Amino acid sequence: MWRDALVVAAKDLRIEGRAKVALNQVIPYSLVVLLLFGFAFDQDRPLLVQAAPGLFWLAVLFSGLLAVQRSFAIETADGAVDNLRMSALEPAGVFLGKAAAVALELLVLEALLAGGIVVLFHSKLAGAGLLIASALLSTAGVAASGVAYGALSMGLRVRETLLPLLLAPVLAPVVLAATEAWRAAFGLSGGGSSSEGWRWLGLLACFAAIYLAGGVLSFGALMEET
Amino acid sequence: MNYVIAAWLACAVILALYAARTVHRERSLRRSLAPKAKPLRTGLAPEESR
Amino acid sequence: MRNPVAPSSSRLTRVLGWSALATLALNTWWGLWLSPPDVVQGQFVRMLYVHPAVATMCYAGFGICALASIAWLWPRLRSPRWDRMAVAGAEVGAVFCLATLVTGSIWGRASWGVWWTWDARLTLTAILFALSLGYLALRRAIDNPHSRALASSMVALLMALTVVVDHYATSWWNTLHQGTTLLQPDPTIHGWQLATMLLSFLAFGLVFAWMLIHRYRLEVLEERYDQEGFSMALEARRAEATGPEATAGSVAPGEVARPPVEVHIR
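Chains as they are written, first to last, in our numbering: chain P, 36 to 261; chain W, 205 to 254; chain F, 2 to 267.
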């Protein structure tokens, strides 16, 4: 399974390397979203500093939707998904591979967005341990749930609108927990110190675990049916 | 007190609309399937075949 | 002669339906007139006779959906009945969820002057509603009954687990910001108030059961229509096309007699 995952992840990333869709389209999109947030908040500086963690994770969510859509778009084009089914690859491995590729793309995006909020919103990055840990767990959760629900909607005509509708409420706890973790790391949550932030990690870990397990167990059946 | 009435009314409207819609859909489907309508049996869904 | 359009009720739902209406009427009478206004909350206590019951039925509906989905996924238990029960539970649950949000919002406006508070339970209910809309949209998007049942049961299960995470997320989030918990049950509730509240649970419970059964039946009918409706329409077209020729009895000169086309659907 792990070898299959690596094969699929490598394939997806190689496609990305050649087509450069994430690099040329999704990342600029996310940065523009940050810019738009600035307009929406009327460049209110103290407010932007307070809101920065939340806006960061919102931008990640919106970009994540695109990244997942893209991950499945490359499969449905030219009927590639049939090749995937007929190959000897284990479905669970396909799931993990696709999720890993999406996660990697998102991590690169997050690094850039972190720079974005420093520049645009005058955020002061702090609490590196908590920041990185929560980012890793959140990204795992976003990628796993995205690929799981993406597989469901892959064959459907309405997938462009259905996937966001399915995924956005599902990712609500991730946005919530990741924002709170980052707020604690930045020292923005008032009262509690950084120690407050660590319990959100538990939540993020649970979420990621649910969707990693769920995806691994269900991907086979989903690939058969859709 | 107006708020109380509003809440009760809103709830009633939502539930009534849904009930009406469901029964309406049932009736129109039965009409479309009419030639093959099976006799009513008591139970959860009388026309269930399995 | 058998009535070609069978009514959509049976003895069970007639009994359910009428008792639901009766208890609802009783609940309204008790709730809005007989039971006294509260010492603390005044008239607003009457919200207690709608909101908690409706919220509970909402959770019941979603709970039924989750359990039915698990049952469908369980290897030896699989049956279309579970899938029908799942969609019935989800849809009726969603309707009650909407009612919960609306009554909760109005109660908030009445008591606290705002249409929305980021109260843990209200927020959780909002997320639940959004999840249910996604579930129902997914179901509408898949035509094949088996694929639909498979996809939606998995989604229901995943969503159920997510809701557990959501519960903790929203309650931690709420205590972090020291939000007011709008809907603490009044610990001193007793007498008429308690009786009426219990009655409301019975009334809305009956309404819920009635709706669930009818939605279940609707699902059965939809399935039958999908299977048979198409071939029936085809037969009707065929009858139209061959009818005039059949009554004429013979083939008109210059035309070739054609045997009826056999079309096998599925």
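If you're looking for bench data, these hints aren't it; they were derived computationally from the structure.
Mixed in with the good hints there might be a few duds.
Over 10 Å on every C-beta distance to chain P, these chain F residues come out as not near it, computed from the model [said to hold, decoys possible]:
#1 V41
#2 G43
#3 L68
#4 R122
#5 A131
#6 V166
#7 D167
#8 Y169
#9 A170
#10 W174
#11 A210
#12 E224
#13 A240
#14 A242
To give an idea of the chain F side of the interface with chain P (calculated C-beta under 7 Å), a few residues [stated by the list, open to error]:
#15 T126
#16 L132
#17 G135
#18 L137
#19 M155
#20 A161
Computed from a predicted structure; not experimentally measured.
Positions of the beta carbon are idealized from the N, C-alpha and C atoms, including for glycine.
Checklist entry - Out of the numbered hints, which ones does the structure contradict? => result Of the numbered hints, 5, 6, 7, 8, 9, 10, 15, 18 and 20 do not hold.
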